[in-house]
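Using the sequences and the hints given, assemble the complete structure.
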Amino acid sequence: MLKQTYNRKLAESVWWNLLLLTVGGSIQAICLQCISPQHEFLATGLMGMSLLAHFVTDQLSVSVWYFLFSVPLFIVGRFCVSKRFLLYTLYGTCVTTIAGSIYNHFGYVVPVENELYAAVLGGVLLGTGGGIMLRSLGSGGALDIISVTLRNRWNIAIGQFSLCVNLVVFSLGYLMGYDFDRVMASIIMIFINSRMMETVLGMFNHRKLVLIISDRGEEVAEAIMVSEPFGVTMMRGKGAYLGNNKEILMTVTNNMALKRLENLVFSVDPHALYIVENTFYVAGGQFSRN
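Sequential numbering from 1 applies to the sequence shown in UniProt numbering.
These are computed hints drawn from the structure, not numbers from a lab. Heads up, the beta-carbon is just placed ideally off N, CA and C, and yes, glycines get one too. Be a bit skeptical, because a hint or two may be false.
Claimed, not checked - Calculated lysine to aspartate or glutamate pairs in the EDC-like style (CA-CA distance at most 20 Å, straight line): (1) Lys259 - Glu277; (2) Lys246 - Asp215; (3) Lys208 - Glu198; (4) Lys238 - Glu228; (5) Lys238 - Asp215; (6) Lys208 - Glu262.
Stated by the list, open to error - Estimated spans, in silico, between C-beta atoms of each pair: (7) Leu211 - Asp179: 46 to 56 Å; (8) Asp179 - Ala157: 29 to 39 Å; (9) Leu87 - Met234: 42 to 52 Å; (10) Ile248 - Leu90: 45 to 55 Å; (11) Thr57 - Leu211: 29 to 39 Å; (12) Leu87 - Met250: 51 to 61 Å; (13) Met234 - Gln160: 35 to 45 Å; (14) Asn255 - Leu68: 44 to 54 Å; (15) Val14 - Asn114: 35 to 45 Å; (16) Val14 - Glu219: 40 to 50 Å; (17) Leu68 - Met225: 48 to 58 Å; (18) Pro111 - Leu211: 44 to 54 Å; (19) Pro111 - Val56: 28 to 38 Å.
This is the structure we're talking about:
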C-alpha cells in the first residue's frame, strides 16, 4: 500500500511531469529539427496545417498561422481539460521549440541519407517522444488537447486521431503540389509515429488478468494478500460436472509478478486452475488513471 501511494504521488509530482515533458520534447525535437527538414518531409499536426495555410495564402508567416491555429484549441481545452493540463502542455510546447532551436544552433543533423530509413527513424523518435509526454499530466502541443479530450470522452486512441489528421494534411499537401515520394515518406513516418505512440502509452498500462479456480480459494486469497501488493476479488462458483462448490479468484498483476503468483497459488493448492489473460487498460483502485 505504501508503494502504491508513493507511485501515485510520484505520478502527480511537478518535477516528475516536467522531467517527462523535457525528455519527450527533446526526443521529438530531434525528428522535427534534425531529420524532417533535411529530407523535406511534410510537417505534422498544426505545424503541417500552418505550412499549408502559408503556402495557399502567402500572407502570414508559418509562426503566425501556428499561433492562430493554437489559440482556439487552447480556448476549447480550457473547458474540456484541466488548467493543469494546459499549463503542462504549454511547457511541453516550449521545450520542443527550445530544444529544436538548440539543435539548429549547433547544426546537428542525424546522418541518415536514405529517405525510407529517415522516415522510419523519424517516426520512432516522434512517437516515442510524444508518448512520453502524454504519460505526464500534459502533452506536447495544442492538437494533443483535442486528442486527449476525444480519448477521455469517447475512448478514441490518440495515435489513431493523430494519424487521421496527418493523412488529411498530407493529402492536401499532395494536391497543392508537394512531391509524391516525399508525401509517401511522410505518411510512413507518421504511421510509425502513431503506432509507436500507442505502444509507449500502452506499455505502462498493459496488465495481466488472472483467474484462479480452486477448492481452497480463501487460503489462496489470504496467501496472495500477505505476499503480494495487489488485491484479490473472490466469487463463488460451482463445477458443472460434479456440482462441487468452487471459489473463483480474480486479480490483476504484471509480467514480473506473474510467475511468482503462479508458484504461490500452486504451493497452496496444487489442483487449482490458473488462467491468465492479457488486458490492455486498467484504471482505478490501486492503478493510476494517467
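Checked hints:
no. : hint                        : result
1   : Lys259 - Glu277             : holds (14 Å)
2   : Lys246 - Asp215             : holds (5 Å)
3   : Lys208 - Glu198             : holds (18 Å)
4   : Lys238 - Glu228             : violated (27 Å)
5   : Lys238 - Asp215             : holds (10 Å)
6   : Lys208 - Glu262             : holds (12 Å)
7   : Leu211 - Asp179: 46 to 56 Å : holds (55 Å)
8   : Asp179 - Ala157: 29 to 39 Å : holds (30 Å)
9   : Leu87 - Met234: 42 to 52 Å  : holds (44 Å)
10  : Ile248 - Leu90: 45 to 55 Å  : holds (48 Å)
11  : Thr57 - Leu211: 29 to 39 Å  : violated (60 Å)
12  : Leu87 - Met250: 51 to 61 Å  : violated (39 Å)
13  : Met234 - Gln160: 35 to 45 Å : holds (38 Å)
14  : Asn255 - Leu68: 44 to 54 Å  : holds (46 Å)
15  : Val14 - Asn114: 35 to 45 Å  : holds (42 Å)
16  : Val14 - Glu219: 40 to 50 Å  : holds (45 Å)
17  : Leu68 - Met225: 48 to 58 Å  : holds (56 Å)
18  : Pro111 - Leu211: 44 to 54 Å : holds (51 Å)
19  : Pro111 - Val56: 28 to 38 Å  : holds (34 Å)
Violated hints for the displayed structure, listed by number in ascending order: 4, 11, 12.
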